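Chemist: Sequence:
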Amino acid sequence: MESFTCSYCAIRRPTLQGLRSHIVQSKPCRAKQYLEYSALSDSDSDESDGDASSVAEGSIDGMAETGADDVGGELDGYGEVPSYTDSDEDMAVDPPRPPSPAPVPDDSSPPSQKRPRPTVEEIEDEDARWVQDFPAEMEAGKRRGTCDTFFERLRAQQMDANTPPWHPFQSEGEWDLAQWLMTSGLSQKKTDEYLKLNVVRTGINPSFKNGRRFLQYVDSLPQGPQWRCRPFEVVGDELDADGNQRKEMVEMWHRDPVEVVRELLGNPSFQDQGYAPIRIFKEFEEGRGDGEDCFSNREYSEMWTADWWWEIQRTHVHAQELLPIGATLSPIIISSDKTQLTHFSGDKQAWPVYISVGNLRKATRRTTSSRATILLGYIPVTKLEIFSKENRSREGHQLFHDCVKAMLEPLKEAGEKGVLMDCADGFVRHIFPILSAYIADYPEQTLVACCRENSCPKCLVTPHGRGDTVRSPPREPTETLRVLKEQAKHERPIEYVEQNLRPINPFWEAFPHCDIFSCMTPDALHELHNGVFGDHIIKWANKATRGGSKEIDARFRALPPHPTLRHFKKGISLTTQWTGKEHKNMEKTYLGILAKATDPAVQRAVRGILDFIHYAHFEVHSDDSLARLDAAWAAFHSNKQIFVSSKIRKHFRINKLHKLKHYVDAIRSRGTADGFNTENTERLHIDLAKAGYNASNRVAYTRQMAVWLARQEAVHRFGTYLQWAMPGYIAQTNTVEEEEAHENETNAAAPLPPVNVEEPDLSDEADDSATSDTGHRIAKKPPFPDLTATSIETDFRAPDFLYHLDRFLQSKSIDPTTPIEASTFPVYKRFSIMLPKIPAITSHDRKDVVRAVRGEVMKMTEKGVRQATAGQFDTVLVRTAKPDGDQRPTDGLSVARVRVIFCLPAKHGIYPDPLAYVDWYKPLNAPVPDIGMHEVSLSSRNHRQKSSIIPITAIFRSCHLIPVFGRAANPTWTSDRVLDQCNIFVATTSSATIATRSMANIPELRSSTVRTTSATRQLDHGYWGYRQLESFCRSATRATRTTGHAEILIANANVDAVFKLSRDTMVVFM
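The UniProt record's numbering numbers the first residue of the sequence shown as 1 and each following residue consecutively.
Watch out, some of these pointers could steer you wrong.
Here are the simulated DSS-like cross-link-like pairs (lysine-lysine), alpha carbons at most 30 angstroms apart as the crow flies [as the list claims (entries may be wrong)]:
| hint | residue 1 | residue 2 |
| --- | --- | --- |
| 1 | Lys-485 | Lys-550 |
| 2 | Lys-570 | Lys-247 |
| 3 | Lys-650 | Lys-690 |
| 4 | Lys-647 | Lys-543 |
Between beta-carbon pairs, the in silico distance windows are [unchecked claim]:
| hint | residue 1 | residue 2 | range |
| --- | --- | --- | --- |
| 5 | Glu-409 | Glu-152 | 28 to 38 angstroms |
| 6 | Lys-581 | Arg-394 | 50 to 60 angstroms |
| 7 | Lys-596 | Glu-486 | 16 to 26 angstroms |
| 8 | Glu-251 | Arg-546 | 56 to 66 angstroms |
Read the hints as simulated data drawn from the structure, not as lab findings. Keep in mind the model is a prediction, meaning the values are calculated, not measured. Just so you know, even glycine gets a beta-carbon here, dropped at the ideal spot from N, CA and C.
With the hints as constraints, model all of the structure from the sequences given.
Modeler: Shown next as structure tokens:
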């Protein structure tokens, strides 16, 4: 295995980042590194100056400045990277990437002993972060001994009994059949019919001959926490025929929450768990004048990186810790939501309650197939007709609290005394399960908080103050309980009215260390997408638009298509019920739709809300990004009066709009909002509730749903066990995520093929190298292997194809047979770019597709008439120059439209990468005021479109252009032709995207355009942000004073940029 050796102390580390971290943490090595840098700068200063100047001179100018004829040659110096071939599918090409230097803090001051010593965590991305561990004397997450995991115990039992891993099934194939039968959705009747088929009995011949025997096999598998039924007798205030109070018996099916927590923490599939709180900082300055280390720009992501866990683990009450020394906190996350089980008829409902723990990573909890969120129980749903109408609602609220109280009762003692549990890493810990988060929509949040629906479940804002920006004091559990108890005794405290409470005996009264009001987490689905944006902003802005909803519909219909965007062919006004998915798609283009059609204040208000939504979705936040989130909220409130002056609104006393005020505090306290979205709860309903109901006979269905789910979990648990016990085995899954992922697959998922199609053979080394995580991918076999140049120029609207190809070949000094009109070329429909992972945006791999597909005329085929289709020629961002870190993040990027994707046949010359014929737009200028987007228009020379041929590796990613409609949309503009009909467009990229590395998620945020603000200065592909760079240079300046050298040279690759931050300090990135 490759390793890296420190040149100062000979210590070895498995990764380069690990070696950098070692040098940062080791004072002797760090000091030696400073001396080495000083020597380098002293002896090579002239050479480094020359390199710096050569960068400026050799940079590639923008297309509009240099002209189309020169771009092909200039791109070759920056945009090309070697391409490789995968013998199975295609070949992958890595895009150009500037290096990411590791920061080297100054060692001029001794470390402070007043706080825990931070260490540099070795992480995948190359931005340095400093981790502050919890005080060691508190022994958070202490190991109490070792243990065997569930998988190890089960395998040991099988080995003692001399049975194979798939026992009780006869073979692995029989287990696969059983797993499919259990997860396919077949009813018991259909399963029995299938097993009785003659072809199954004589062919497969499973050991279970009928459905009943099959279920006995499934029930013999290891089971999870057992289901139990608890009856509740409800006594109403209505009288029956005999004059007695009417009664109703309801059943609550549930499981022991402590045992569910034991199941989650001990599941060997969830290895990467957090057992102690930490603090992560993005900036660090060591040993200032007061001897203290300075940490800044705190980072928030998982629950253990936020404030609540740290405070609960450490806070002292009466000189004693809330939790004993050596305790391990397990944050309990509860979510509940009433859901409809029947689709078209009937009123069958279920009220599932789910549970998970904050020790698991957010991404794991969000994945339905991982079963990291478990169904804890069903709250009984009843109409309570035994009560009078005026009391029915109140008694329903109390029944909810009584049921949840009974369901969560075991957590009280466990939270106070703790429970020894086996953990997934093979150690025993003293676990304290503490209720930390409650995920619910707004009405259910107010139900849990015992306040009325015109109140805030988190603070004491008055109903008339919900539209103000003034912050109100938070609700306090002890005070709320006092007021509720006094009200129950008919003492009528004035606070009961002031706090807008309901007469409820709350379930959370005796839960240890629980502030139920701070447990209310952000709900992006109902509060942002379907709430503030879908229910309010769209309606207000549409009314404020000249032409109203009719104008908005015309603009949506005329938008050009993009692979990641939904096209609203009929507009948006005629549909009365939207889902969160549709609202997310509207958000990406809505601001561009409003351009020049509304008052500028309306655009600024909408921009504030949209920016808030984008920032709220960050999976990793910092103090800087939270400040921008807060600024976006303030921007809306600064401009909202336009809706009042336009007589669209009279007030802003809206619950969900007020709730945005609490997002920053909630993220700092519990972690980022993506870990608590009710969208995950909605998805769980499908797999864990509705599928179980469909498998029942609809009579006494709750019990049947519980039995069905227990069997599903047993099959899933055994499948994950076999993956552990049998390396290489992959368990079958059948989940919502896989279906959605399958729908989103494209045909451009293969690694890059050999470009010279007549010489396809490459070495095995090249095949092995085609495994990079990012790069450009294209189909191995072109859909059009031999299109003539004439066909390309006509069908793909590339009239100067031969001319620009000749210019390109000359710029590369390729002198083969000159292409003519009859020459043929392999042409592709699309290629894809694997986007680099940006922690703040997503932890998943993302693929960006770029299309260049010619139109097709109507044809008569054997299957009937094939309708005519319009051509698809996507717009993209092209790297035409190296980014200038002292300017805007969009510098060096130009917009182009891809007309043809092709390869150069060997007879016309050898070129390693696929090529693209593109039409150029003018350079990106300063953003348009109010909307913050760039206006672009097609670039021409002598009244002819500027075009050129470039390698596809110079294409940074796709982008989406929105036509500038002016005061009214042109009625002749259509979606498939608007890029040819319109002259001016806006390119729309969220500022939140620019604030992250490499602008890699442009379409997923606000379409895919380029938008900058003065607050967003993070640089591309690992360049340091200004604050990080300034922090380093302050250290460098101190070193300068010590060593007498005015230059600090950081080496590792080619020179990319020079930053002059002060008179005596120059940092040269190499």
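Chemist: Next step is simple, just say for each hint if it's right about the structure.
Modeler: Structure-based check of all given hints:
no.: 1; hint: Lys-485 - Lys-550; in the structure: violated (55 angstroms)
no.: 2; hint: Lys-570 - Lys-247; in the structure: violated (53 angstroms)
no.: 3; hint: Lys-650 - Lys-690; in the structure: violated (42 angstroms)
no.: 4; hint: Lys-647 - Lys-543; in the structure: holds (10 angstroms)
no.: 5; hint: Glu-409 - Glu-152: 28 to 38 angstroms; in the structure: holds (32 angstroms)
no.: 6; hint: Lys-581 - Arg-394: 50 to 60 angstroms; in the structure: violated (36 angstroms)
no.: 7; hint: Lys-596 - Glu-486: 16 to 26 angstroms; in the structure: violated (58 angstroms)
no.: 8; hint: Glu-251 - Arg-546: 56 to 66 angstroms; in the structure: holds (58 angstroms)
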